[in-house]
Amino acid sequence: MLALAGLSYRYAGAPRPSLIDIDLQIGDGEVVGLVGPNEAGKSTVCLVASGLAPRAIRGTLSGTLTIDGEDVVDWPMHQLIGRVGIAFQNPRTQLSGVAATVYEEVCFGLMNLGVPRDEVVARAGEALELLRIGDLVERDPNLLSGGQMQLVALAGLLALRPAHLVLDEPTAQLDPEGTRLVAGALRDLAAAGTALLIAEHKADMLDGLCDRVVVLDAGRITIEGPAGAVLADPRLADLGVEPPSRVRLARALEARGLDPTVVALGAGAGGPA
Amino acid sequence: MIIGGVVGPVILTILVVFLPAAGARVVRRLVMTSLTFSLPLALSALIVNVFFFPGGTTVLLTIGPIRATAEGLAFAVEILARVAAISGAITLFYLTTRPGDVVVDLERRGVSSRVAFVVNATVQTVPAMVTRGQTIVDAQRSRGLDTQGGVWQRIRGIVPIVGPVILGSIAEVEERTMALEARGFTRPGRRTLLWWPADRPAEQVVRWLLVLAVPGAIAARAAGLL
Numbered sequence: 001m002l003a004l005a006g007l008s009y010r011y012a013g014a015p016r017p018s019l020i021d022i023d024l025q026i027g028d029g030e031v032v033g034l035v036g037p038n039e040a041g042k043s044t045v046c047l048v049a050s051g052l053a054p055r056a057i058r059g060t061l062s063g064t065l066t067i068d069g070e071d072v073v074d075w076p077m078h079q080l081i082g083r084v085g086i087a088f089q090n091p092r093t094q095l096s097g098v099a100a101t102v103y104e105e106v107c108f109g110l111m112n113l114g115v116p117r118d119e120v121v122a123r124a125g126e127a128l129e130l131l132r133i134g135d136l137v138e139r140d141p142n143l144l145s146g147g148q149m150q151l152v153a154l155a156g157l158l159a160l161r162p163a164h165l166v167l168d169e170p171t172a173q174l175d176p177e178g179t180r181l182v183a184g185a186l187r188d189l190a191a192a193g194t195a196l197l198i199a200e201h202k203a204d205m206l207d208g209l210c211d212r213v214v215v216l217d218a219g220r221i222t223i224e225g226p227a228g229a230v231l232a233d234p235r236l237a238d239l240g241v242e243p244p245s246r247v248r249l250a251r252a253l254e255a256r257g258l259d260p261t262v263v264a265l266g267a268g269a270g271g272p273a
Numbered sequence: 001m002i003i004g005g006v007v008g009p010v011i012l013t014i015l016v017v018f019l020p021a022a023g024a025r026v027v028r029r030l031v032m033t034s035l036t037f038s039l040p041l042a043l044s045a046l047i048v049n050v051f052f053f054p055g056g057t058t059v060l061l062t063i064g065p066i067r068a069t070a071e072g073l074a075f076a077v078e079i080l081a082r083v084a085a086i087s088g089a090i091t092l093f094y095l096t097t098r099p100g101d102v103v104v105d106l107e108r109r110g111v112s113s114r115v116a117f118v119v120n121a122t123v124q125t126v127p128a129m130v131t132r133g134q135t136i137v138d139a140q141r142s143r144g145l146d147t148q149g150g151v152w153q154r155i156r157g158i159v160p161i162v163g164p165v166i167l168g169s170i171a172e173v174e175e176r177t178m179a180l181e182a183r184g185f186t187r188p189g190r191r192t193l194l195w196w197p198a199d200r201p202a203e204q205v206v207r208w209l210l211v212l213a214v215p216g217a218i219a220a221r222a223a224g225l226l
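So the sequences go chain by chain: A and B.
Take the first sequence: its letter number 159 is residue 159 in the numbering used here, and every next letter is one higher.
Take the second sequence: its letter number 123 is residue 123 in the numbering used here, and every next letter is one higher.
Derived by calculation from the structure, the hints in this document are not laboratory data.
Quick caveat: nothing in here was measured; it's all calculated off a predicted structure.
Every residue gets a Cβ at the ideal spot worked out from N, C-alpha and C, and that includes glycine.
One side only, chain A facing chain B, incomplete, derived with CB under 7 Å:
hint, residue
1, Gly97
2, Cys107
3, Phe108
4, Met111
5, Asn112
Full structure from sequences and hints, please.
This is the structure we're talking about:
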């Protein structure tokens, strides 16, 4: 379990904290969505949960970050990445920039960790298979589509075998096809038992994928609960979060005096918009 | 026999540039690429030496106050032969060697993985910068920026293009740094290398011969043979 308890974070030089008293647990194999307006602190939660803040981004952290009960605040990054991985929104910046092929790109993290060569080959093969991108291994990663690039970045992380994966708007810069590819891969990962924390604006993607959804506003958790209920919460609109299409459709039907339970049957089957 | 002047660089160019280039079947690309990059330097060397060579007495041509001399021409040809040897060697290296191979081999031989990464990433960044530049050129053109026409217009068009290219690259650095950190880049100790270029006995022999040729050439130069 990845747990943030009483956690606050203030970036160096910032006038106020970006996160205030956050309590958030992600159980083994659980999929948690993170939504909220811009500047709510979603990316900061991702950075703190993955250990990058304050290691790579200076700031002051208070509270605790534990993984499976161990306080990991003082762990070096290379020790932490076997337990939690993070993917960002821009697939291009996640490429190492030095790999000539997708295969080398997926192996990059394992090579950095000094994993023996046979094990690098085995783990990279597993990650490629899990994301179904084995046919890309010979391709230049810089010449892939955005969706394919994001899958390669995810494969590079999965090869490190983290039990928890944090994704900061992984489809924000992708077209509908790329979004569909990544959403499908995340469903596969969730089914394979990887715990996911997904910060995302596209509520349709979270709907049906997440067990729970957490709503952030101004650095604080304001709503938390089962995904279906939270994503249908009328307060989301006040926070600038657009509900998933099934909720919008149900509301439109209700407004016209029609029975929304007909479409409610489709709840949980929502795909990406 | 003294093989300095023009003959030395020409022999060198034939032996260590053209023959290997013929073996690698890149002679045409070698000539074109080498000319593209060395022509401005070669032309300026030619003009400066032919017309402004100090102490030239044998006048070939007079244009107003400027005189082209035979001594200047001879010296310019010598310089051009050296430029051809240098640019040919560099171009041959570029055409026949993948930067990644060099970096991996250097890393295998003990060069720090961070140094190797910086070298490799720098080389690999160039095509990405070109792509980004083209995207920005297209975007700026669609908003009315004129990047064609006279020299002054082109110069004025550079600023709105170079700015976003550089600033965009800087903005990506933070996320790229974090992505590297998240994949263990800062871990101390040696990395695993998946592969490295084959180092055949013949290549080793040639490499050592070239290493030995350096002091040999210096000694020959000191002895007045080159």
